[in-house]
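Visitor: If you read the protein sequences in the order shown, they are chains A and B.
Numbered per my numbering, the first sequence spans residues 1 to 131.
Numbered per my numbering, the second sequence spans residues 132 to 296.
Hints are computed from structural coordinates only; laboratory data are not their basis.
Treat the numbers as computed from the prediction; the structure is a model and nothing was measured.
We put the CB at the ideal spot given by N, CA and C, even for glycine.
Any given hint could be a false lead.
What the hints assert, rightly or not - Mimicking DMTMM-like on lysine to aspartate or glutamate, the simulated pairs with C-alpha atoms at most 25 Å apart in a straight line are: (1) A/Lys6 <-> B/Glu170; (2) A/Lys126 <-> B/Glu170; (3) A/Lys126 <-> A/Asp7; (4) A/Lys6 <-> A/Asp56; (5) A/Lys126 <-> A/Asp27.
Claimed, not checked - Stretches of chain A that chain B covers, calculated by requiring three or more beta carbons in the stretch to come under 8 Å of a beta carbon on chain B: (6) 6–12; (7) 32–38; (8) 96–107; (9) 118–124.
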Amino acid sequence: MSASNKDMRTPLARVRAHGSAKSGTGDHIRQRMTAIAMVPLFLFFIGFLVSLVGADYETARAWLGNPLVAIAALLLVVAAIMHMRIGMQIVIEDYVTGERLRSLALIGNFFFSYAVGLACIYAVAKIGFGV
Amino acid sequence: MRRRAINNGTTHGGSARVPLSSCCPNGVLRMAEQRQAVERPLSPHLQIYRFTITMAMSILHRIVGVALYAGTALVAWWLIATATGPEAYAVFRSVADHWFGQFVLIGFTWALLHHLFGGIRYLFWDEIVGLNNKSADIMSWLAVFAALAGTVAVWAVVFSMRGVI
């Protein structure tokens, strides 16, 4: 990344053909949209989980399989996974130095987020469809 | 850690001009060399700032966010166990009901509420609402106490439903 001090090219020449920055705010906006979505979803789910205290397995599973609860759960999982992927990426980009280590951390973040997200979605769908 | 912030009589970064007479006895120093010779003031290091609640909350927001990131694995375990069957669910329950499991769940509740209330501040500040020193401090303390009160309230309900308290 670091341009050599002896580089004779103009700043414009250096950035040309490296793509546009038009999508640069995508993650920034996504981070805030998912945050807004999660405020009511989390307050609902905290109440939901508390109401399940002492419930046996069948009751807990039946409630989680309720379509409205399952849809809210899926919305929450999708929002949370997007939010945490972006958040961890920012943390990595801020603190992890060294090109290779940083790349590995970013790849690991991507894999972990999507693996956990898909596992949650699969589980909620399985409960909801009753299979 | 603290490096020399003031050098050669220049107090601020913008100008690096040093009187030729003071910097080199011969009076011959070309511009490029002169610029290198001057140490510009560095921005203050983290440890010399005084404590502010917004600063502490900013650091905590990241730490708690990373903790919640790891916590999603527990959520996935809980959902998969529920989807798998009563035996898998019983294994999850035995861990969750252990005192250490309870400790983790209480911590998870606090982390979630702290990140949630702390995060709401950022949404306001994005809209330039409450973005002055006094409001920012008040909002930060409100978030701290709302998260603590929320955690206590949630677990008071949980323990009373169990008949523990």
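Visitor: Let me make sure I understand: some of the numbered hints might not hold for this structure. Which ones are they, in numerical order?
Guide: 2, 3, 4, 5, 6, 8
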